[in-house]
Amino acid sequence: MDIEKTDSFLITDCGSTTTKAILILKTEGSYRLIGRGEAPTTVEAPFDDVTVGVITAVTELQELTGRTLLDGDKIICPKRGPNEGVDLFLSTSSAGGGLQMCVAGVIKAMTAESAERAALGAGAIVIDVLAVDDGRKEYERIERIRHLRPDMFLLAGGTDGGTKTHLVDLASTLLAADTKPRFGIGFELPVIYAGNVDARKGVHDLIGEKMAVRDVPNIRPRLEQENLGPAREAIHDVFLEHVMQQAPGYGKLMSWVSGEIMPTPMAVGRAVQTFAREEEANVLAVDIGGATTDIFSVFGDARAGTSVFNRTVSANYGMSYSICNVLKETGIANVSKWVPFQIDEPKLRNTLRNKMIRPTTIPSSRADLLIEQAIAREALRLSLEHHRLLAVGLKGIQQQRSVSDAFAQTDTGETLVDMMALDWMIGSGGVLSHAPSRTQAAWMMIDGFQPEGITKLAVDSIFMMPQIGILSELHPAAAGEVFRRDCLIELGTAVTAVGNAKKEGTPAIRLDLTTSDGRTIAETVHYGEIRLIELKLGQTATGTIDPTRRFNVGHGPGRAVEVELHGGDVGLIVDCRGVPRQLPEDDDARRTKLNEWAEALGLQRVE
Amino acid sequence: MGTAYTPGLTVTPNAIVRKTRKLPIKGTVLVTEGDRVEPHTVVARADLPGDLDQVKVAHVLGINPGEVPQRLLIELGEHVVEGQVIARTKYFFGLLKSEAKAPTEGTIEYISDVSGNVGIRHAPRPVELTAYVRGAVIKVIPEEGVVIETPAAVVQGIFGIGGEREGAIRVMPDPDRTIEPGDINGELAGKIIVARRLITGEALKEAARAGVAGVVVAGIIDKELVDLLGYEIGVAITGDEAVGVTLVLTEGFGEIQMAQKTFDLLASLEGQEGSINGATQIRAGVIRPEVIVPRRDSAAAAVAEAGGELKIGSHIRVIREPHFGELGSVTALPPKLVEIETGAKVRTLRATLDSGTEAVIPRANVELV
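Residue numbers (my numbering), protein chains in the order written: chain A, 1 to 607; chain B, 1 to 369.
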């Protein structure tokens, strides 16, 4: 098939809760999203077959778009006529709990961390990281593996030519656990070996008969080199060959699709990387789901001279199944501090608990909505903290330093997440994509992530980044067009003054801007204030932002920056509430403040 | 989403329950097709691999790992007893010696000349699988387990804690009152107690002390459950709690009343023996807690499938505030998206609630009853 001549694509994403189908067609010379259908995912009883949900979602899409996509229970691909079928049918999936992996390395902060990055980048949920120095006793590691029953194991460690003993020890831990994969009682556990090549034989001798061991090049052949690609490819292959084959209905789905099924997070990662490359920008994207929150980042690494992609999945931070885990981690006080009306603790706790046990319900009162948006801020904050810990430079390597560097000593393994250097922040997932007002989505991201300086904000309109990501593999041009026109909703720009003053009302920054439609913005924004300035999609505002001496918007405290700011569905948000953020301790004062900020952003007060 | 509603939990007096009972690893099935089983009947058995002890022979003897095979006194697969010398080295003209001993009884599983370690596998641990429900074995899955079938009344809850237990159903004397510690007494030992409202955390503790098998109520105050467990439940994967009693909530958390249909069914089963399991998993592979009361008569109807399509006249229950817990019937299903109080545009339905209120409710916030 000549891929350039394809002009119709049906793409499904089988999520843990819902299956989403989108139709993309080439109309009047450009690729556009035509429609979207969705249905509950059907990997559980009584259906036990993912294709039932796929067909239901495609049926809805067919009804909404008027294009014939089904012939009975079969998807029409390749197409039969101008309005019948599609050229390509693709699918991503995170149903059935996604790909659950354990990884192991010799040193926790070095090879084990590289192994974790390899697995996360391949779209896995890492359910445990084992290392010789993880502080646990041998029997504790064994019990843990037995309890978790991962779908797959990634065993790494040692540089090539380095330690063999520890690798064999780790293999013996696996042997001792003698665990079986979650799916398929008679199947051998797939183990990807990505450690010291010299230890391969020792590892195979020990576990080769009991487990399906597959060798790939070392992920850390030298301390200063990380080679994650081969391990990631092997994880993907094993995911398709073993895990997917065992999941209900996937054998059938695999025979329908025009390419390989891709894990959903891997597809989102592809979309984010493509966007960062095309924009030449630092990007932070979040997908906040019901069970997990994934964060993707692309930041330039000055030391390596290249941009570095990182993905983390916070497996137990989410808005429905995992909502109470967010509560558990952050505490009730951190949730209630974002609620702008009075609510007693037991009622707040019961509300969150009822969302956990009935995960598909939606808020139907404003109070309920604000409670969900309050906990979303904490889920975002916790997930970013997690991401910062893993999105780091390589640890344990020797750096060559010049004399000048010696005066500014930096450690290896510093986080790559630099909020001041961030250009784009993209939000996705129900609570952000489906927020009744785009301003609410922008505000949640600003509070949860605390951007610094100048940051463009966007949301994924209907959560279609997975579909865009898998399409970008086969047809980058179509994926790029649809991403820009139909997926990405530009919200505008956040200008965040970093710093705190002693007293509210102190001048924080001075704006002297001229908009592309000829308006002059000459305003002073004070400490403790957030302000929304009209700047529509396609408009820009150029000029100077001049912070006072306690505040920084990019060039250091008190130093002005020349800017060109872009508008969007929300506009220009100038945030001088202080970073790190401090909310009033008194409950009444805090609620008053939250309502003031809501009003400043054009949202309704809720007393 | 055209089918965006939660199918109701199963609450039925007549179902054909089929329980698949599977071993965690391959083993031996002890019953045959057609056998009658009781909840305590052991239907299959397996040997879980014993723990593996690692003896760092090279380290103990102070030799290189590559030399270990020459110093061993045992072979692969050999049985050893605790304290048995498994490797020895002599030095200083044979006058001094170092020995490595087996720390436990077991079988030599591996000898590594890379790490210099020897692995000793403990004897396997037997694991027994019980039937859990009274019924007949209708299928044997060779080496894995069985399927047990029984005609039964079934009540699925929304959330639970604690594992599999059995007992006779006992409705509390004043079922419309929250169960307090003073309501629990020795007569309730071994019973599955039922009330229409809540149970306090202290009463649940008392129930465990008194040997109550299970508690089926509408709800509990979350804080009291947390205080009882001593920890927050982060994700709803339960069933292993060591609380000494199994709890099944039919509605959820907070002040709430059990649906009449659920209560009436449980009340009709007074005195009958049943099985209860609080295990809940609300994510991939949904598991809801349950009460199963096998019927003596075998002329039960086939399994009543939960779910079906929402239609005008469908009986529903609201499962989110406002109107949480109220019952009603559907009066309209507008095809277009409707803007609700939050500002979101969603698929809704109109319903007349039993309280007489006419309400517009997101379809995602109702379940069929």
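Don't take each hint at face value.
30 Å max Cα-Cα, derived BS3-like pairs, lysine-lysine [said to hold, decoys possible]: (1) K97/B to K26/B; (2) K345/B to K337/A; (3) K22/B to K210/A; (4) K347/A to K180/A; (5) K347/A to K223/B; (6) K26/A to K536/A; (7) K252/A to K139/B; (8) K180/A to K139/B; (9) K5/A to K108/A; (10) K205/B to K328/A; (11) K137/A to K79/A; (12) K26/A to K22/B; (13) K210/A to K101/B; (14) K180/A to K201/A; (15) K210/A to K223/B; (16) K26/A to K137/A; (17) K328/A to K108/A; (18) K26/B to K180/A; (19) K593/A to K345/B; (20) K22/B to K252/A.
Worth flagging that the hints you see were computed from the coordinates, not collected in a lab.
Outcome of the hint check:
Between K97/B and K26/B, the direct Cα distance comes to roughly 44 Å. Violation of the 30 Å bound is thereby established for this hinted pair. As the CA atoms of K345/B and K337/A are separated by approximately 28 Å, the hinted pair is consistent with the 30 Å bound. Of the supplied pair hints, the one linking K22/B and K210/A holds, its CA atoms being roughly 22 Å apart against a limit of 30 Å. In summary, the hint linking K347/A to K180/A is not supported, as the alpha carbons are separated by about 42 Å, beyond the 30 Å threshold.
Proximity of K347/A to K223/B is assessed by CA-CA distance (about 10 Å); at most 30 Å being required, the pair is judged to hold. A C-alpha spacing of about 28 Å is found between K26/A and K536/A, which places the hinted pair at or below 30 Å, so the restraint holds. Restraint check for K252/A and K139/B: the C-alpha separation of about 27 Å stays at or below 30 Å, so the hint holds. A hinted pair counts as satisfied when its Cα atoms are at most 30 Å apart, and K180/A with K139/B qualifies at roughly 24 Å.
A hinted pair counts as satisfied when its Cα atoms are at most 30 Å apart, and K5/A with K108/A does not qualify at roughly 49 Å. The suggested pairing of K205/B with K328/A holds, with an alpha-carbon distance near 23 Å, which does not exceed 30 Å. A C-alpha spacing of about 59 Å is found between K137/A and K79/A, which places the hinted pair above 30 Å, so the restraint is violated. Of the supplied pair hints, the one linking K26/A and K22/B is violated, its CA atoms being roughly 51 Å apart against a limit of 30 Å.
For the given pair, K210/A sits about 27 Å from K101/B by alpha-carbon distance, which is consistent with the 30 Å threshold. Our distance criterion of 30 Å between C-alpha atoms is met by K180/A and K201/A, whose separation comes to about 23 Å. Between the alpha carbons of K210/A and K223/B the distance comes to roughly 46 Å, so the proposed pair goes past 30 Å and is violated. Simply put, K26/A and K137/A have alpha-carbon atoms about 59 Å apart, too far for the 30 Å limit, and the pair is violated.
In summary, the hint linking K328/A to K108/A is supported, as the alpha carbons are separated by about 26 Å, within the 30 Å threshold. Taken as a hint, the K26/B and K180/A pair is honoured in the structure, with Cα atoms around 11 Å apart against an allowance of 30 Å. Distance hint between K593/A and K345/B is fulfilled; the C-alpha atoms sit about 29 Å from each other, no more than 30 Å. For the suggested pair K22/B and K252/A, the alpha carbons sit about 26 Å apart, so the restraint of at most 30 Å is met.
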